[in-house]
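Line order of the protein sequences matches chains A and B. Using this note's numbering, read the first sequence as starting at 27 and increasing by one per residue. Using this note's numbering, read the second sequence as starting at 97 and increasing by one per residue.
Among these hints, one or two may not hold up.
Unchecked claim - Which residues of chain A face chain B? A partial, calculated answer using Cβ under 10 Å:
(1) Tyr58
(2) Gln75
(3) Val81
(4) Val85
(5) Phe89
(6) Lys95
(7) Thr98
(8) Pro102
(9) Leu106
(10) Ser107
(11) Thr109
(12) Val111
(13) Gly134
(14) Ala138
Claimed, not checked - Calculated cross-link-like contacts (lysine-lysine; reagent style DSS-like; alpha-carbon spacing at most 25 Å):
(15) A:Lys29 x B:Lys105
(16) B:Lys115 x A:Lys29
(17) B:Lys114 x A:Lys128
(18) A:Lys29 x B:Lys118
(19) A:Lys95 x B:Lys149
(20) B:Lys134 x B:Lys115
(21) B:Lys115 x B:Lys149
Stated by the list, open to error - Estimated spans, in silico, between C-beta atoms of each pair:
(22) B:Pro165 x A:Gln140: 43 to 49 Å
(23) A:Ala54 x B:Glu140: 16 to 22 Å
(24) A:Ala92 x B:Met111: 40 to 46 Å
(25) A:Glu43 x B:Thr112: 41 to 47 Å
(26) A:Phe65 x B:Gly124: 32 to 38 Å
(27) A:Phe65 x B:Lys114: 27 to 33 Å
(28) B:Asn113 x A:Ala92: 16 to 22 Å
The hints are simulated quantities; they were obtained by calculation from the structure and are not laboratory data. Quick reminder that beta carbons are idealized off the backbone N, C-alpha and C, glycines included.
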Amino acid sequence: LAKTTQPISMDSYEGQEVNITCSHNNIATNDYITWYQQFPSQGPRFIIQGYKTKVTNEVASLFIPADRKSSTLSLPRVSLSDTAVYYCLVGGAPNYGGATNKLIFGTGTLLAVQP
Amino acid sequence: DTEVTQTPKHLVMGMTNKKSLKCEQHMGHRAMYWYKQKAKKPPELMFVYSYEKLSINESVPSRFSPECPNSSLLNLHLHALQPEDSALYLCASSQVTGGANTGELFFGEGSRLTVL
Numbered sequence: 027l028a029k030t031t032q033p034i035s036m037d038s039y040e041g042q043e044v045n046i047t048c049s050h051n052n053i054a055t056n057d058y059i060t061w062y063q064q065f066p067s068q069g070p071r072f073i074i075q076g077y078k079t080k081v082t083n084e085v086a087s088l089f090i091p092a093d094r095k096s097s098t099l100s101l102p103r104v105s106l107s108d109t110a111v112y113y114c115l116v117g118g119a120p121n122y123g124g125a126t127n128k129l130i131f132g133t134g135t136l137l138a139v140q141p
Numbered sequence: 097d098t099e100v101t102q103t104p105k106h107l108v109m110g111m112t113n114k115k116s117l118k119c120e121q122h123m124g125h126r127a128m129y130w131y132k133q134k135a136k137k138p139p140e141l142m143f144v145y146s147y148e149k150l151s152i153n154e155s156v157p158s159r160f161s162p163e164c165p166n167s168s169l170l171n172l173h174l175h176a177l178q179p180e181d182s183a184l185y186l187c188a189s190s191q192v193t194g195g196a197n198t199g200e201l202f203f204g205e206g207s208r209l210t211v212l
């Protein structure tokens, strides 16, 4: 079972780029890496997902080195509304046929963006 | 429709009550999940259903009883809970894919449970 390790907290200022790194040394061959954002008293929200190399969408980029033992979520030009907890997950949904993979949240990183 | 809907949003119950939490999705997802989240902690996996069959039970006490009556609905039946069971209960769903795994979970807003 892949375990993830993230910094507990990070501080940033509006307009800066923020990079949050997640360590997952025992990632399995079929595992994807997924990042979520969670605001207080709300459900986590999907940000980005990748398998290897680099993935970019309209809100973030995800960098995954060749060994896949870590990943970095990059948030360009953060704003106050990006203050939240960010979780990295490693694993996958149950396969067709009943094989299952657990999706376990790590401790998450509390990002605090200041004006 | 990309929503997971959970009801009720808030629930207060006594330790002898029986209540249920409900979750619904219409995205055609065939995997559904219950997570429990305490304040300032990450969500903890409780149950996973795959194709309406229970595939993972993370050693959850029997006072929590999940049910998946069809591919769109997921219930969590509560009975004889303890005050320490007070938490935010999150439902999620995801696609089931043959072959490679994915982990894109769609979460509901949660049901805030208080046990007195």
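Inset, instruction - Using 10 Å as the Cβ threshold, decide whether glutamine 75 of chain A counts as touching chain B. - result: Hint holds; glutamine 75 of chain A Cβ to chain B Cβ min 6 Å, cut 10 Å.
Inset, instruction - Double-check lysine 95 of chain A for me: the hint is only fine if its C-beta lies closer than 10 Å to a C-beta in chain B. - result: 17 Å, violated
Legend entry - Pair hint lysine 134 of chain B and lysine 115 of chain B, alpha-carbon separation not exceeding 25 Å: Judged against 25 Å, a Cα distance of about 19 Å means the pair holds.
Inset, instruction - Starting from lysine 29 of chain A, check that the Cα of lysine 118 of chain B is at most 25 Å away, please. - result: 30 Å, violated
Legend entry - Given hint lysine 128 of chain A paired with lysine 114 of chain B - CA-CA distance at most 25 Å: With a Cα-Cα distance of about 29 Å, the restraint between lysine 114 of chain B and lysine 128 of chain A is violated, given a limit of 25 Å.
Legend entry - Closest C-beta approach of valine 111 of chain A to chain B relative to 10 Å, hint status: Holds, about 8 Å.
Legend entry - Closest C-beta approach of valine 85 of chain A to chain B relative to 10 Å, hint status: Interface hint status for valine 85 of chain A: violated (14 Å vs cutoff 10 Å).
Inset, instruction - Given the hint of 40 to 46 Å, check if alanine 92 of chain A and methionine 111 of chain B actually sit that far apart at their C-beta atoms. - result: 53 Å, violated
Legend entry - Restraint satisfaction for valine 81 of chain A [CB to CB of chain B, less than 10 Å]: 12 Å, violated
Inset, instruction - Mind checking the CB of alanine 138 of chain A against every CB in chain B and telling me if the closest is under 10 Å? - result: 14 Å, violated
Legend entry - Distance restraint evaluation - asparagine 113 of chain B, alanine 92 of chain A, Cβ atoms, bounds 16 to 22 Å: This hint is violated: roughly 54 Å between Cβ atoms.
Inset, instruction - Could you tell me whether the CB distance from phenylalanine 65 of chain A to glycine 124 of chain B stays inside 32 to 38 Å? - result: 27 Å, violated
Checked against the numbered hints given earlier, the structure breaks hints 3, 4, 5, 6, 7, 8, 9, 10, 11, 14, 15, 16, 17, 18, 19, 24, 25, 26 and 28 and satisfies all the rest.
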